[in-house]
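Using the working numbering, the letters of the sequence shown correspond one by one to residues 1 to 343.
The hints are simulated quantities; they were obtained by calculation from the structure and are not laboratory data. Any given hint could turn out to be false.
What the hints assert, rightly or not - Okay, derived cross-link-like pairs now, DSSO-like style, lysine-lysine, Cα gap no bigger than 27 Å in a straight line:
(1) K177 <-> K58
(2) K58 <-> K48
(3) K225 <-> K177
(4) K46 <-> K177
(5) K48 <-> K225
(6) K225 <-> K58
(7) K177 <-> K48
(8) K225 <-> K46
(9) K46 <-> K58
(10) K92 <-> K199
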Amino acid sequence: MRTTATIYMLTGISIGTIMVTSSNSWMLAWLGLELNSFAILPLISKTKHPRSIEATTKYFLTQSTASCLILFASTINAWQTGTWTITQMPDKLPSTLMLIALTMKMGAAPMHLWLPEVMQGTTLLTSLLVSTWQKIAPMVLIFTTSNHLPSNITLIMGLLSTYLGGWGGMNQTHLRKMMAFSSIANMGWTLMTLTSEPKMSMINIMTYMLLTTPTFILLAQTSTKTLQDMTTMWTTSPTSSITLTFLLLSMAGLPPLTGFMPKLLILNELISQNMTAISVATTMASLLSLIFYLRISYLTSLLNTPSSSTSTTKWRQNMNNLKMTQMAPTAVMSTTALPTLYP
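Turn these sequences into a full structure, and let the hints steer you where they fit.
Given below as structure tokens:
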């Protein structure tokens, strides 16, 4: 029964995302976003714990507020232009309200405080959905309206997201909160070139999803939730430890891994637009994120000697080799795809 309910919820999430990505009307897009948000609420509250109920409530209130702003902005735009078409939004007021609403749905600064609390209050796999799949529909709408969005506000929100995401992640010991602040920082990189080169922003967010998916799956397979758990991952599964280290370094943007490619392209675009100071500030903000990525990598693979443990304590996990084999292509693509993605 529980598996059937989960399948229905995932189907609702998928249908809502498809409705948003395939529609050209704000009303259909709004209905798709609502279906997407309501379908994931039972998944967030699945663990029957007060913290998960709190996370569900925060997610519902935040998404409802953002949906109200979307409906308000689209109504103003329809009143001014006489159409509900997504691509026609020439006035600054509805476009600014729409930008604020969609970035609130994705968890970008300064409307980001709900994301770490929601991801901490639910399971690792549900956190994966919140940080990846739930961002597809709002990101498609932002990409569609990118030529009407205010560039100055977008740049300010991008800088705030990169700095607040980096600062927030440095203080955490729970991996779900650290991944939430990592998502916020990555959204900042995505917003930096949204108005000047939206395709580059889409490459960045898709690359981040490609990196985040195997990372969350690894954490879920090894039941790793805190930094203290990371110190014992080597004796649990050395292969997982090495793979997770490369994934984290790739998310940090270190060359020659995959995560370096979109950051380099974004910085190159900012410099070509005569925004050298902003590109330098964004680069400095990436160092904040690099600190907690290196912190996790150090605890994962550099703290212990590469030797197996002879202890047979009950808490040690037996990794499912079949699931690890299914995840291997994604992990390899996430870490070594730079030669194929970079011209």
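Going back to the hint list, which numbers does this structure go against? When the structure is compared with the hints, none of them turns out to be violated.
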